[in-house]
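**Q** Based on the provided sequences and hints, a complete structural model is requested.
Chains as they are written, first to last, in the numbering used here: chain A, 1 to 377; chain B, 1 to 89.
Where hints are given, some of them may not hold.
Said to hold, decoys possible - Here are a few chain B residues that face chain A, going by a calculated C-beta distance under 10 Å:
1) 13
2) 18
3) 28
4) 30
The set of hints was computed from the structure by calculation and includes no laboratory data. Cβ coordinates follow ideal geometry from the N, Cα and C atoms, glycine included.
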Amino acid sequence: MNNKSSLPLWLNAEITYKCPLHCVFCYNPLNYAKHDNELDTEAWIRVFSEARKLGSVQLGLSGGEPMLRKDIEILVEESCKLGFFTNLITSGIGLTEEKIENFKRYGLGQIQLSFQDSTKELNDFLSSTKTFELKSKVAKLIKKYKYPMVLNVVLHRLNIDHIEEILNMALEMQADHVELANTQYYAWAYLNRENLIPTKDQILNAEKKLEEFRKKVGNKMKLYFVLPDYYETRPKACMNGWGTTFLNIAADGMALPCHEARMLPNIDLPNVRDHSIDWIWNESSLFNKYRGFDWMEEPCKSCNEKEKDFGGCRCQAFLITGNPDSTDPICDKSPNHYIITEDVKKAQNKIIDKNEVQNVIKFRTDKNSLAISEKNN
Amino acid sequence: MLNDTKKLKLSAQYRFQWEEAQKCYVLLYPEGLIKLGQSSAEILKQFLEPQSFKDALSNLQAKFPDAKIENDVTTFVSHAIEKNWLEYE
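**A** So this is what it looks like as structure tokens:
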């Protein structure tokens with residue numbers, strides 16, 4: 001189905017795969033280190049301009065760590081000039097006061113600061129560098145320059161018990177929006193899922209703490225808590241439907257309908273070096289592949305909820321079942337749902353030693369990435 | 001209750017702009033977008049610079065002299081304040 005009425009309202013530009021952190025739940029592709037042929041400044045500005053003409057209005061500058069791009073100021077300035085509402089999604093590393101001030105002048109809409117945890121030790125372990133103090137400093141600067149204060153904390157088994165400290169930290173930083181999203185198990189997080197899936201008790205406890213906190217602070221802070229979808233029985237409406245809203249451009253120029261789609265088998269990935277954004281969005285086989293409902297297999301095909309969740313996530317279906325056309329196995333109508341429940345069951349009984357886990361968990365590093373690429377060739 | 005003499009303006013978090021691709025005005029905020037109908041857009045335009053409700057209403061009345069607008073404008077502005085699209089200076 002060629003759905004021309006939809007617009008790529010959200011353009012996500014993963015302007016670099018380079019990152020000073022080594023998060024164990026990173027959603028960048030496992031073989032990211034092989035895709036180091038980054039688009040140059042001019043190419044990015046052309047992408048922004050073409051997408052804007054097509055109707056993109058929200059721009060995410062993400063990565064990797066977008067602050068590692070030497071031309072980050074130019075990219076922010078040019079995107080704002082084009083009329084984007086530009087969102088910088090950063091760990092805060094490399095974000096100096098001078099840059100924050102300049103970004104404000106250019107018209108940057110928000111800085112979304114990611115935190116791995118609230119206590120310094122665990123934070124440093126989970127991102128594997130000493131960054132917590134720096135992030136606290138950046139948070140103060142974000143306030144000083146009157147940006148909305150958006151904190152993004154990725155939750156998982158090893159930090160979810162710290163939710164109270166995380167919330168108090170957010171309060172101290174005067175955060176306006178706090179997203180406490182459990183890890184989604186793709187890429188590095190999928191690789192490490194055995195050590196990242198929280199137990200049912202951990203989740204119940206986190207929800208209780210969250211409720212208490214909500215009562216305490218009222219609605220001056222907007223809190224979003226996202227369950228790990230392995231605990232759900234219906235899939236998420238991934239990307240609001242394939243090719244309906246979201247356009248992701250990876251560091252090397254590959255255009256994707258989501259962050260993860262480059263892992264899908266037997267597909268032609270269009271690159272912005274070869275094609276216009278208009279062609280990619282409207283004509284390319286990739287963006288049309290899962291538009292609408294014609295591609296669906298059972299049980300999705302005859303399901304009365306298909307217009308609500310669009311069959312869930314194609315990448316998750318592929319990761320877990322090997323078939324990207326199948327129903328997202330998060331759905332308990334999927335014949336493969338048992339794989340999810342078994343993973344969850346395993347998590348309940350698993351004993352994790354925090355000293356031990358450091359040795360078995362796979363950090364997102366160039367070395368690990370290259371070794372994985374090598375193995376898969 | 002609406003204070004009709006205190007100046008109101010578009011909240012700092014929000015941006016108001018025309019979207020050619022959608023042929024409408026929108027309100028943009030971090031990671032989000034609200035499409036605006038014609039009358040909502042006309043009302044919000046009044047507050048791109050700080051202005052009191054009273055002055056905004058008389059501007060709008062002058063612009064649309066034949067329309068009975070007071071109730072609709074009051075309802076919308078109250079809603080916009082509640083939603084934090086507009087804030088008192």
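**Q** Classify the hint on residue 30 (chain B) as holds or violated, based on whether any CB of chain A lies nearer than 10 Å to its CB.
**A** With a closest approach of 4 Å, the residue 30 (chain B) hint holds.
**Q** So, residue 28 (chain B) near chain A? Judge it on the closest CB pair being under 10 Å.
**A** Result: holds, 4 Å to nearest chain A Cβ.
**Q** Hey, does the residue 13 (chain B) contact hint survive, CB to chain A under 10 Å?
**A** Because about 5 Å separates residue 13 (chain B) from the closest Cβ in chain A, which is inside the 10 Å limit, the hint holds.
**Q** Double-check residue 18 (chain B) for me: the hint is only fine if its C-beta lies closer than 10 Å to a C-beta in chain A.
**A** Check passed: Cβ of residue 18 (chain B) comes within 9 Å of chain A, closer than 10 Å.
Of the numbered hints given earlier, the model fails none.
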